[in-house]
Amino acid sequence: MLITKRNAAKGLAALAGAAMAGDARQAAAQARGGTLTVMLANEPPMLTSAFNTALPLGSVSTKMLEGLLAYDAQMNPRPSLATSWQASPDGLTYTFRLRPSVKWHDGRDFTSADVAFSAMQVWKTMHPRGRAVFANLTAVETPDALTAVFRLSGPSPVLLSALHAYESQILPRHLYEGTDIATNPANAAPIGTGPFRFREWRRGQFILLERNPDYWDAGKPALDRVIFRIMTDAGARSAAMENGSVDIGFFSPVSLAETERLKRNRNIEVTTRGYEYASPMFFMELNLRNRPLDDVRVRRAMMHALDRRFIIENIFLGYAEPATGPIPVSSPFYTPDVPRYDFNPRLANQMLDEAGYRRGAGGWRFTITHDPVPQGDEHAQTADYVKQAFAQVGINVEVRRQDLASQIRRVSQWEFDMSSNPLFAMFDPALGVTRLFWSGNINQGTPFTNVSGFRNAELDRIVAAQATERDPESRKRLFWRLQQIVMEEVPLLYLLEVKYATIANTRVRNHTTDGAAAFGSFADITVQR
Amino acid sequence: MLSRRLLQGIPIVLGILVVNFLLLNATPGDVVDAMVGQMGASDPELVARMKERFGLDQPLLVRLGLYMWNLARLDLGFSAFYNMPVETLILERLAGTALLMLSSIGVALVLGVVSGVAAARRFNTAWDMLIGVAALLFYATPVFWIGLMMLVLFSVHLGILPLGGMSTIAADFGPVEATLDVLWHLILPMTTLSLFFIATYTRLMRSSMLEAYQQDYVRTARAKGVPEGRVAYRHVLRNALLPVVTVVGVQIGALLGGAVVVETVFNWPGLGRLAYDAVLQRDFNLLLGILFVSSVVVVVVNILVDLLYAALDPRIEVG
Numbered sequence: 001m002l003i004t005k006r007n008a009a010k011g012l013a014a015l016a017g018a019a020m021a022g023d024a025r026q027a028a029a030q031a032r033g034g035t036l037t038v039m040l041a042n043e044p045p046m047l048t049s050a051f052n053t054a055l056p057l058g059s060v061s062t063k064m065l066e067g068l069l070a071y072d073a074q075m076n077p078r079p080s081l082a083t084s085w086q087a088s089p090d091g092l093t094y095t096f097r098l099r100p101s102v103k104w105h106d107g108r109d110f111t112s113a114d115v116a117f118s119a120m121q122v123w124k125t126m127h128p129r130g131r132a133v134f135a136n137l138t139a140v141e142t143p144d145a146l147t148a149v150f151r152l153s154g155p156s157p158v159l160l161s162a163l164h165a166y167e168s169q170i171l172p173r174h175l176y177e178g179t180d181i182a183t184n185p186a187n188a189a190p191i192g193t194g195p196f197r198f199r200e201w202r203r204g205q206f207i208l209l210e211r212n213p214d215y216w217d218a219g220k221p222a223l224d225r226v227i228f229r230i231m232t233d234a235g236a237r238s239a240a241m242e243n244g245s246v247d248i249g250f251f252s253p254v255s256l257a258e259t260e261r262l263k264r265n266r267n268i269e270v271t272t273r274g275y276e277y278a279s280p281m282f283f284m285e286l287n288l289r290n291r292p293l294d295d296v297r298v299r300r301a302m303m304h305a306l307d308r309r310f311i312i313e314n315i316f317l318g319y320a321e322p323a324t325g326p327i328p329v330s331s332p333f334y335t336p337d338v339p340r341y342d343f344n345p346r347l348a349n350q351m352l353d354e355a356g357y358r359r360g361a362g363g364w365r366f367t368i369t370h371d372p373v374p375q376g377d378e379h380a381q382t383a384d385y386v387k388q389a390f391a392q393v394g395i396n397v398e399v400r401r402q403d404l405a406s407q408i409r410r411v412s413q414w415e416f417d418m419s420s421n422p423l424f425a426m427f428d429p430a431l432g433v434t435r436l437f438w439s440g441n442i443n444q445g446t447p448f449t450n451v452s453g454f455r456n457a458e459l460d461r462i463v464a465a466q467a468t469e470r471d472p473e474s475r476k477r478l479f480w481r482l483q484q485i486v487m488e489e490v491p492l493l494y495l496l497e498v499k500y501a502t503i504a505n506t507r508v509r510n511h512t513t514d515g516a517a518a519f520g521s522f523a524d525i526t527v528q529r
Numbered sequence: 001m002l003s004r005r006l007l008q009g010i011p012i013v014l015g016i017l018v019v020n021f022l023l024l025n026a027t028p029g030d031v032v033d034a035m036v037g038q039m040g041a042s043d044p045e046l047v048a049r050m051k052e053r054f055g056l057d058q059p060l061l062v063r064l065g066l067y068m069w070n071l072a073r074l075d076l077g078f079s080a081f082y083n084m085p086v087e088t089l090i091l092e093r094l095a096g097t098a099l100l101m102l103s104s105i106g107v108a109l110v111l112g113v114v115s116g117v118a119a120a121r122r123f124n125t126a127w128d129m130l131i132g133v134a135a136l137l138f139y140a141t142p143v144f145w146i147g148l149m150m151l152v153l154f155s156v157h158l159g160i161l162p163l164g165g166m167s168t169i170a171a172d173f174g175p176v177e178a179t180l181d182v183l184w185h186l187i188l189p190m191t192t193l194s195l196f197f198i199a200t201y202t203r204l205m206r207s208s209m210l211e212a213y214q215q216d217y218v219r220t221a222r223a224k225g226v227p228e229g230r231v232a233y234r235h236v237l238r239n240a241l242l243p244v245v246t247v248v249g250v251q252i253g254a255l256l257g258g259a260v261v262v263e264t265v266f267n268w269p270g271l272g273r274l275a276y277d278a279v280l281q282r283d284f285n286l287l288l289g290i291l292f293v294s295s296v297v298v299v300v301v302n303i304l305v306d307l308l309y310a311a312l313d314p315r316i317e318v319g
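Chains A and B are the protein sequences, given in the same order. Numbering of the first sequence is given in the numbering used here, commencing with residue 1 and proceeding in unit increments. Numbering of the second sequence is given in the numbering used here, commencing with residue 1 and proceeding in unit increments.
Since the hints were made in silico from the structure, they are not lab data. Be careful, since some hints might not be right.
[Unchecked claim] Quick look at which bits of chain B chain A covers, simulated, 3 or more residues with Cβ under 8 angstroms:
hint, segment
1, 28-34
2, 82-91
3, 205-216
4, 280-292
[Said to hold, decoys possible] Some, not all, of what chain A presents toward chain B, calculated at C-beta under 10 angstroms:
hint, residue
5, N42
6, A54
7, A139
8, R199
9, V373
10, S412
[Unchecked claim] Here are some chain A residues pointing at chain B (derived, C-beta under 7 angstroms):
hint, residue
11, P45
12, M46
13, S406
In this text, a Cβ means the ideal position worked out from N, Cα and C, and glycines have one as well.
The shape of chain A in the complex, shown without the other chains:
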């Protein structure tokens, strides 16, 4: 009985869908209500991203909690909880006018006190990137309930780029003040200002959000419910996409081969847009403390030994572009004017010979270990390719496989020669790029810092200068020079710009409208039924 009822409903839905397809555009304009089911490959540890940047967490949290600003596809700031903002001429004061009559999901008023609390107590003290971004922030003044004034000890041009709901989330002061913020129960059941309210989290199964009828953007959101289904098996995710029991998945939710297969299904679309905000770059870190990786001639030869095209076509199946440096092509800070390292194993061999690392017993020049990041098949296969490619030039690579915690520990304790990492460059290089090269960020035991141990006086000056440079053009030129230094000195081997795939059922509309689709509020998404 139960089964037949369901099938009947499904059949009706399919008929209705076919009828709508004729005039989809008009139907989309009318679409209201419905449920969006999103698949998550990993369970988030909590649902507040104000001080934890894990991906599944950011994907869920940004529907309930908001930031001062949103960003368009070109990463220009747009109003969110702040309706207008102004920097003083000296760049030491930013004044934000806040949106009036915004309510927290528990009915309390959202005010400037929430902004001050979040900035000073949470972002500046607890956020893994926020501690650097808000280093110059000395105080947030609240002259009235709808004005927040950020006081800085020095200019901070990155500030206005860092106020997204995923990066710098506003938490309700009335629930957090005077508590242990890290263990506050509201982290698992957030009270926010966003278009969706938290309803239920069954660990290992799903997270259920429901429409916030009092959302400040009247009439939004279009959806009644958003369900995040936690599905840890890639095969099951693929099957769920295929039979339509989930609507969408972000960050390449199934293997790339499966993605290509699903793409042929006419009910499924695949896009690689919507990741410009994060800009994942795939590179290999070298431990410059270890011989012979301390020799720049060796590092340049290693660059010539790798065929990026091969990796992109055969391993990433086209879901990547070659990286020319640490900053992605889509970034306004990008320059193509850097030293290039074309695939040329003969030249690599010659360079290694000239550097004095001649082939010894077995044809090996030297042996290094490699700790590839244990996330996804592509990274494992790339490690296999790298081993073979380096063997062609006489470098013996011992690949060490382990789980994430072990790999992170090894690399952050500097007990490695080479490791691979798909890390977010972020849309402002000050958020995701400088941390890898600045000598002030050499910290044993801390992952995602300058683990190579790279030191370069000019680069250090650039990192310091860009942090306070208020002229956008001059700041760009500083980053151009940074890219040149990195590609001259090659402390890391830059391989690819990773293109994540978003896989969506065609009944889902408006899922990718800016550079941070997965971290969007979902207020505009509609689902045809």
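Following the hints, position chain B against chain A.
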């Protein structure tokens, strides 16, 4: 007698816990590495503060002592990753695991014993061959593959069974409908898991029946004119059940973690997956909690199996 056996179990469970604790802490990386690894960003002060919050700045023996002290007060501690009490997490998953494991072992036991007996009674016939080949096939096929193929067939192509999960999300069902809904979700994972168990029990039952048929008391029974059916069920089956009971006991002992693969493929919220994730996340309090509960179950089930032996075979005494 029973209380003595239970008392003997206490030092065993404690020993297991201490060994587990030391082994887990010998693995490279801790929960801070795992959490920061997933964040993709970090900061030295942040790392130091997290280590302090999770007590990782304390020496190993201090942490062990603390853990044991909490356990003595029946406090399994706090999960660092989920930011929740370990008891809550385990209790949330216990029902799912028990439902899945007990139903599949139950179904498998009935079908396995029946087909094992059938094969043994028709020893060396086409029936026997057929049952043997089927059992071998299911025994040798990886569980995850059977599971995925069942998903593709019944959920994707036929669309008659749900694609994973334990219940329809956010449905407003009454108690009867909610129960039916869970059972409907249970069909595929239970079938997948029981196929493997059926294969085991069939093979075991068949060989154990054949062995019992060779016994003198069977010849005696036949000589005094007991009908063949009565010989099979009264004399052979009861004796042949003992090895099966042993294996079922061992498998129920592994109940809490035994279904990781099926839980993963069918997105079934069970303890196996929770334990697996806890390993990857280095969430040692959670993992120790699960191992603690598992070892208690193993000890209790072992005692129950011994009692069952005595019931099946009066020659055996529980001591």
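Hint-by-hint comparison with the structure:
no., hint, result
1, 28-34, "holds (count 6)"
2, 82-91, "holds (count 4)"
3, 205-216, "violated (count 0)"
4, 280-292, "holds (count 3)"
5, N42, "holds (8 angstroms)"
6, A54, "holds (4 angstroms)"
7, A139, "violated (20 angstroms)"
8, R199, "holds (8 angstroms)"
9, V373, "holds (9 angstroms)"
10, S412, "holds (7 angstroms)"
11, P45, "holds (5 angstroms)"
12, M46, "holds (6 angstroms)"
13, S406, "holds (4 angstroms)"
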